[in-house]
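Novice: Please work from the sequences and hints to get the whole structure.
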Amino acid sequence: MQEVLRLQNLQKSFGSVRALKKASLTLKEGEVVALLGDNGAGKSTLIKAISGVFPIDRGDIYVRGEKVSIRTTREAMDLGIETIHQDTSLAPDLSIARNLFLGREPVNLKWLGVFAPLDRAKLRNAASELLKRVGISKKLDADALVSTLSGGERQSIAISRAMQFAAKVIILDEPTNNLGVEETHGVLRFVKEMREAGHSVLLITHNIHHVFEVADRIIVMRRGEIVAEQTVADTDLLTVESLITGADLSALMKRAQ
Amino acid sequence: MRSPQFSSFVILVVLLVVFGIADSNFLSPLNISNMMAFLPELGIIALGMTLLLTAGEFDLSVGAVFGLAPVVAMLLVQNAGLDIGVALLAGLLLCIAIGAINGVIVTKIGISSFLVTLSMLLIVRGAALYITQGFPLKSWDQPGFFVTLLAGSFNIGAFRFYTSLWWFIGLSLLAVYILRYAKLGNWISAIGSNRNAAVARGVPADAVKIWLFILTSVLAGLAGMISAFRISAASPVAGTGYELEVIAMVVVGGTALTGGRGTILGTVVGALMLRAIRNGIVLVGVPGLAYNIFVGVIILAMLILHALLQKNAARS
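Which chain is which? The protein sequence lines are A and B, in order.
Going letter by letter, the first sequence gives residues 93 to 349 in this note's numbering.
Going letter by letter, the second sequence gives residues 1499 to 1814 in this note's numbering.
The set of hints was computed from the structure by calculation and includes no laboratory data.
With a straight-line cut-off of 25 Å between C-alpha atoms, the simulated DMTMM-like cross-links for lysine to aspartate or glutamate are: (1) A:202 with B:1704; (2) B:1809 with A:235; (3) B:1809 with A:245; (4) B:1809 with A:233; (5) A:140 with B:1704; (6) B:1606 with A:149.
Residues of chain B placed beyond 10 Å of chain A at every Cβ, according to the derived structure: (7) 1513; (8) 1636; (9) 1653; (10) 1781; (11) 1791.
With the C-beta cut set under 7 Å, the calculated list includes, among others, these residues of chain A facing chain B: (12) 181; (13) 194; (14) 197; (15) 199; (16) 206.
We put the CB at the ideal spot given by N, CA and C, even for glycine.
Specialist: Right, dumping it as structure tokens:
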């Protein structure tokens, strides 16, 4: 499998706090990688750096082997890196169609710049098409306001938006937070579909069970560093948990037995 | 019934009927002409305020800018001997600067627009009073291009309309286009609805907000100039209290004070409504000093009605 994203020795400090100390990882095509770690481990900092929320202090980012610099969210999107943040990815007062194309609106009379009229027919059709493709067309109307949707439906919309722009890398930040059981399964199914469609997924989550359900590989962070990297097939829940907390849980368990 | 501007429209019709029955002069050509003369001046500011509120910010300095812009222009003509056109342009440039300062402080330093524009209100009003020493100036009254452009009048039958009405209609159409049909409108609503989501999609939220502050300021200045030309006087206290009246027009029309949902048609209805109320309650004989009580009560009643209608719509 071809390498899609490679991070080399990324560093980021906020004042005297070193949030990220030399983090390196690679992501291959069609691979789901779970990024695990306790609160404050540096997961958010890492994904924010990749998605262009803030620039990194030191280190290199390669997309398909080419060295790139990512300073804004726009630059990340243009490189094919789409990030879905927890709860904050959609504008509730806008329709589904308008949300799907936010920032990349199809327009007529392009020379008018920001004053160009939206191509409403194209907007609607593309949105309906997309909703159909992701299997939620029966329930949802492209003109419905996002504020009328459930949490799971919103996640689905955000994820389909990322898939639609043929993103090479899709970053999911706690995608199942605040979701019901059924909705959670819907989102996990989506993750599998993304992998099948050839997207690479970086999944940030607290729920280790989800990781074993969908991920190919696990990367564990602790105190701003990547402390372990394992394929899901070669590890188990207890090992991963002890890697996250830093305590040797399996040894403890053995002793207890 | 679901759209907020529609319920506003219904309320407006009810008000017009009630006032029309209460006093037969209310719907007379003279009175309608009178209302239409005042309407554009606040209405033009309300258009800018609608866009700004939709993006999640608001501007309390518009009333003061309304006063300062024509005062500066007239001082430049009378004391510096500048051409009237150049002076008006200088007045508008000052508005651009005021709007830009508001916008930059709000977005880049991160102070709430309430505090920033409240301070700006004091600075701008203070400046207008100081440079005029508190005295109103005589405005430009020589017939010519600019008087016709800003305050010319024409008759249609028994009605007498000012060119400012054309400004209002034209700017309203432009604002409807921007908010509903243009890419920019999508951005404005998205920023007010969820700024982080918009920024994450690459929408330049800060730049959009700064330009909207500039637009609102320029429209306030333009409205001030129109008003000064119409009454042939530029007063440093003109526009006092307009900021709240304008915000009332906008929210009564159905635009959300919290951002994300804005309607220009609603604002036009809201502007008509507040004008009709101010005019109507004078005609039906409410004592002058009690008059603001009534305006306040009617606005509050309308907002409550709005909220109830919205709630019902949400439930069904």
